[in-house]
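Novice: Start counting the sequence shown at 5; every next residue gets the next number (our numbering).
Hints were generated in silico from the structure; no laboratory data involved.
Glycine included, every Cβ here is placed at the ideal spot set by N, Cα and C.
Do not take every clue at face value.
As the list claims (entries may be wrong) - With beta-carbon atoms standing in for the labels, derived distance ranges: (1) Glu68 / Arg98: 21 to 29 Å; (2) Arg94 / Asp73: 37 to 45 Å; (3) Leu11 / Ile70: 41 to 49 Å; (4) Ile97 / Arg13: 41 to 49 Å; (5) Leu95 / Glu68: 22 to 30 Å; (6) Asn91 / Tyr67: 18 to 26 Å; (7) Asn10 / Val76: 44 to 52 Å.
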Amino acid sequence: MGRTCNLVRLAGFALVAGIAYGGCPFLSSQEDQQLLDNHIGGEGLLSTGSSCEERADYSRETYEAIKADILVVFVDPRDFWPADFGNYARLMIRLA
Numbered sequence: 005m006g007r008t009c010n011l012v013r014l015a016g017f018a019l020v021a022g023i024a025y026g027g028c029p030f031l032s033s034q035e036d037q038q039l040l041d042n043h044i045g046g047e048g049l050l051s052t053g054s055s056c057e058e059r060a061d062y063s064r065e066t067y068e069a070i071k072a073d074i075l076v077v078f079v080d081p082r083d084f085w086p087a088d089f090g091n092y093a094r095l096m097i098r099l100a
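From just these sequences and the hints, can you work out the full model?
Specialist: Below, the structure written as structure tokens:
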């Protein structure tokens, strides 16, 4: 038992050290970063082309709709995943 535990610890340390030393595996080179920065027409892949104010207005308008959708998910029982007493909140808390 002790030897297995030590091997698991060593493997975990090696995995964490390898990830920390290697950096992000998805953006490993400068070319990858340039791809993100200069996608189409000088806009990056992550930019939406809108100003901060427009994004803030959009998120403010849809906040209540998203909140209502989440509430529906919590209280809408399905046959394949029944809610506890008509509410999924307890299940989500247990899963978290």
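Novice: Taking the hints in turn, state whether each one holds.
Specialist: Hints, verified against the model:
Judged by the Cβ atoms, the range 21 to 29 Å given for Glu68 and Arg98 holds: they are separated by roughly 28 Å. Separated by about 19 Å at the C-beta atoms, Arg94 and Asp73 break the suggested range of 37 to 45 Å. At about 46 Å, the beta-carbon gap between Leu11 and Ile70 stays in the expected band of 41 to 49 Å. At about 31 Å, the CB distance of Ile97 to Arg13 disagrees with the hint of 41 to 49 Å.
For Leu95 paired with Glu68, a C-beta distance near 24 Å keeps the hint of 22 to 30 Å intact. Judged by the Cβ atoms, the range 18 to 26 Å given for Asn91 and Tyr67 holds: they are separated by roughly 22 Å. Range check, Asn10 to Val76: Cβ separation about 49 Å, and the 44 to 52 Å hint holds.
Violated hints for the displayed structure, listed by number in ascending order: 2, 4.
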